[in-house]
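Colleague: My request is simple: use the sequences and hints to build the entire structure.
Listed below, chain by chain, are the residues.
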Amino acid sequence: MSNALQNDTLESDRELASTPLVQLSMQQAINRALGEILEADDRALIFGEDVGLLGGVFRVTDGLQQRFGANRVFDTPLAESGILGTAIGLAMAGFHPIPEIQFDGFAYPAVNQIITQLARMNYRSRGTLPMPVTLRVPSFGGIRAPEHHGESLESLFAHVPGLKVVSPSNPQQAYHLLKHAASMPDPVIFMEPKARYWNKADVNLTDNRTGGAVDSASVEGSVIARPGKHATLIAWGAMVSRCLQVAELAAEDGIELEVLDLRWLKPIDEAGLAASVSRTRRAIVVHEGPHTAGLGAEVAALVSQSCFDSLRAPVERVTGFDVPYPSGDLEDEYIPNIDRILFGVQRVLEYRRG
Amino acid sequence: MAPRALAATLDTLPPPVLPLVEADAAGPAQLRDLYRMLSNVRQLDAAAVAWQRQGLIPGYAPMLGQEAAQVGAGAAVDTTRDFVFPTYREMGVAYTVGVNMVDYMSTHKAIWHGGLYDAVATHFAPFQAVVGGSVLHAVGWAHGQTLNAASAAETALGVGLAFLGDGASSQGDVHEAMNFAAILRAPVVFFVQNNGWAISVPTEQQVAGGSVAARAAGYGIPAVRVDGNDVLAVLSATQRAVAHARAGLGPVVVEAMTYRRGPHSTSDDPGRYRTLDDEKIDGGEDPLSRFRSMLLAGNVADAASFAEVDAQAQQQADEIRDGVVALSSRPGSEMFDFVFQESTPTLGAQARQWREESEHV
Chain A
1 MSNALQNDTL ESDRELASTP LVQLSMQQAI NRALGEILEA DDRALIFGED VGLLGGVFRV
61 TDGLQQRFGA NRVFDTPLAE SGILGTAIGL AMAGFHPIPE IQFDGFAYPA VNQIITQLAR
121 MNYRSRGTLP MPVTLRVPSF GGIRAPEHHG ESLESLFAHV PGLKVVSPSN PQQAYHLLKH
181 AASMPDPVIF MEPKARYWNK ADVNLTDNRT GGAVDSASVE GSVIARPGKH ATLIAWGAMV
241 SRCLQVAELA AEDGIELEVL DLRWLKPIDE AGLAASVSRT RRAIVVHEGP HTAGLGAEVA
301 ALVSQSCFDS LRAPVERVTG FDVPYPSGDL EDEYIPNIDR ILFGVQRVLE YRRG
Chain B
1 MAPRALAATL DTLPPPVLPL VEADAAGPAQ LRDLYRMLSN VRQLDAAAVA WQRQGLIPGY
61 APMLGQEAAQ VGAGAAVDTT RDFVFPTYRE MGVAYTVGVN MVDYMSTHKA IWHGGLYDAV
121 ATHFAPFQAV VGGSVLHAVG WAHGQTLNAA SAAETALGVG LAFLGDGASS QGDVHEAMNF
181 AAILRAPVVF FVQNNGWAIS VPTEQQVAGG SVAARAAGYG IPAVRVDGND VLAVLSATQR
241 AVAHARAGLG PVVVEAMTYR RGPHSTSDDP GRYRTLDDEK IDGGEDPLSR FRSMLLAGNV
301 ADAASFAEVD AQAQQQADEI RDGVVALSSR PGSEMFDFVF QESTPTLGAQ ARQWREESEH
361 V
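Chains as they are written, first to last, in my numbering: chain A, 1 to 354; chain B, 1 to 361.
Think of the hints as simulated: they come from the structure by calculation, not from any bench.
Here the structure is a predicted model, which is why all the values come from computation and not from measurement.
It cannot be assumed that every hint is accurate.
Claimed, not checked - Derived Cβ-Cβ restraints for the label pairs, each shown as a range:
1) A/E39 with B/Q54: 58 to 68 angstroms
2) A/E39 with B/D318: 54 to 64 angstroms
3) A/P161 with B/D318: 30 to 40 angstroms
4) B/R274 with A/V111: 33 to 43 angstroms
5) A/P146 with B/T79: 42 to 52 angstroms
6) B/V120 with A/V111: 22 to 32 angstroms
What the hints assert, rightly or not - Rough simulated footprint, nothing fancy, chain B against chain A, three-plus residues with beta-carbon under 8 angstroms:
7) 81-91
8) 112-119
9) 261-273
For glycine and all other residues, C-beta sits at the position ideal for the given N, C-alpha and C.
Modeller: Right under this line is the structure:
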């Protein structure tokens with residue numbers, strides 16, 4: 001695991017002149033990845049609520065049932081525990097399920113199956129019943145949706161032994177991380193930042209394979225979304241683009257912020273975190289989920305452990321509050337906004353020992 | 001009150017498409033084999049309770065009284081293509097389908113949660129402690145058989161057998177499983193052992209309407225409610241159900257009315273919620289003595305042959321005990337080894353730290 005400069009910016013992509021670049025929204029990039037997964041792996045199955053003819057409420061599975069048939073892409077009854085339990089049984093039968101939970105908050109009825117079964121079947125069976133299940137969960141807030149249509153479940157899932165958790169920040173990441181997750185023999189919770197579904201960006205469709213081996217730097221660990229030297233903003237999902245905005249603003253004042261896109265929330269790229277923060281010597285972790293026992297606490301602990309001697313200030317956390325995700329009208333007060341992140345940066349930069 | 005097993009029958013399973021080998025027509029050899037399995041299961045169950053009292057194993061969930069239900073159901077399983085999804089009280093099914101019983105008992109010795117037996121090779125899913133937790137897995141697995149058949153043009157489907165009890169029938173997952181199975185037309189048999197008790201709560205306070213099988217109608221699923229203490233009745237009902245599912249006609253609910261004659265577990269005290277008189281009346285005649293009477297009446301076996309089989313069963317239980325005694329702890333490194341197929345750097349670091357700090361002592 002190591003961080004690498006991500007190649008989602010136009011500048012870095014243009015260096016790879018021969019590679020196919022297409023402009024896609026994240027929703028389109030995931031759709032494209034799913035199609036390629038179904039094409040390449042005849043044991044892969046997509047199912048969930050409204051994922052068939054409708055193409056999902058976010059249209060992420062649009063056209064896949066028409067293309068691959070109703071055996072490969074099918075609607076289930078409206079019951080999330082049933083979706084997960086069925087996925088586990090299909091995995092036991094040798095399939096590679098890619099179920100969709102329609103909205104993050106609807107994962108709660110499935111949490112029993114996720115924690116007591118999906119995450120443990122490989123362990124319980126001593127490795128004889130692997131669970132190559134990629135669970136897609138449209139995640140986080142920012143779209144003014146009803147209650148439970150915007151939740152941040154990463155610390156819940158990251159706490160469960162046996163699960164891996166990843167969240168892409170842009171179409172390029174989404175396309176490659178999903179293909180990678182679906183190739184993994186372990187359960188992966190794939191948290192799609194729904195607020196970023198419709199933002200378009202260039203996607204480099206080359207599969208990052210050299211000599212048949214996956215270029216691990218492209219799909220594993222964290223990436224530096226923007227290099228800087230005064231402090232590291234650590235974020236994932238939709239907060240990465242917000243941190244990039246913050247870095248842009250800070251640059252006007254001569255403050256060079258590094259933005260680290262953590263991507264994998266379990267396992268966390270400890271070496272990547274350490275490499276960045278030991279250079280910048282200051283860290284601010286930003287997430288939408290509630291503060292207490294949020295994943296920022298884990299990140300802060302890891303950074304403190306690995307960078308204690310070089311840190312110039314305590315690791316700052318800019319997060320949601322310990323309140324339920326509020327109604328859309330108050331969402332901007334809850335989700336870390338540019339001002340709150342800048343205040344966090346300021347606290348870190350102004351910190352003086354003693 | 002009448003014994004529970006004699007509760008009204010229900011049978012909405014249509015006649016088989018292909019004629020079955022009827023259990024009623026089972027030959028003397030098969031009947032004697034069924035008795036052999038019943039006797040072995042009875043002896044092993046009693047032995048496991050004794051092992052707990054002796055301190056050999058920390059706990060066990062006895063199945064006394066449910067031998068006919070479990071042997072009858074297990075004998076209908078084709079382990080070359082079907083798959084059993086058990087709960088934590090299916091020792092008799094495990095024995096009947098040929099699971100290595102030392103490896104099975106390892107879970108009760110607290111060696112490994114899921115047991116040490118090979119679930120894939122034996123077509124018997126890992127020991128399941130979550131009530132109703134594996135019922136949906138049977139549906140998913142069974143749907144997988146349908147999908148396999150769609151691509152391979154097979155006609156005889158593997159059948160998933162989901163085992164659950166009257167207590168589990170209260171779980172939402174069981175509703176979801178039956179609904180999914182019916183919608184997907186999955187080859188599943190939901191085998192319900194209605195044993196009258198979910199720890200201390202009787203079926204009357206557990207199952208609204210009084211019957212899990214009766215609920216099947218709401219899903220458009222055929223159901224059979226059978227005397228679960230009659231091994232031939234259970235075998236016949238399960239064979240019919242499996243044949244129905246195998247033919248691609250969808251799921252079936254079998255509700256075997258039986259009685260948990262012992263405690264919920266070796267930690268339980270039934271004296272706090274039922275009397276010995278209750279147990280005598282509600283339990284009815286012991287399923288083994290019933291089958292013995294039938295075999296005697298049919299001149300299939302005699303007292304001497306029963307004594308011989310029972311002695312062999314005792315010997316086998318003793319051999320299994322030796323195996324359980326010999327089971328050693330798994331290495332602590334296995335805590336880390338089986339979390340993932342592909343471990344993580346974080347977990348690897350924890351494993352290294354565990355090793356260094358445990359070897360230091």
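Colleague: Against this structure, judge whether each hint is valid.
Modeller: For each hint, the structure was consulted:
The given range of 58 to 68 angstroms is respected by A/E39 and B/Q54, whose C-beta atoms sit roughly 59 angstroms from each other. A hinted range of 54 to 64 angstroms for the beta carbons of A/E39 and B/D318 is consistent with their spacing of about 58 angstroms. Checked against the given bound of 30 to 40 angstroms, the beta carbons of A/P161 and B/D318, roughly 38 angstroms apart, stay inside it. Judged by the Cβ atoms, the range 33 to 43 angstroms given for B/R274 and A/V111 holds: they are separated by roughly 35 angstroms.
In this structure the supplied range 42 to 52 angstroms holds for A/P146 paired with B/T79, their Cβ-Cβ distance being about 49 angstroms. Under the hint 22 to 32 angstroms, the C-beta atoms of B/V120 and A/V111, about 27 angstroms apart, fit the expected range. Here the region 81-91 of chain A counts 10 residues with a CB under 8 angstroms from a CB of chain B, which clears the bar of 3, and the coverage holds. Counting residues of the region 112-119 of chain A whose beta carbon lies closer than 8 angstroms to any beta carbon of chain B gives 4, which meets the minimum of three for the stated coverage.
Residue count for the region 261-273 of chain A with a Cβ under 8 angstroms from a Cβ of chain B: 5. That meets the three needed, and the coverage hint holds.
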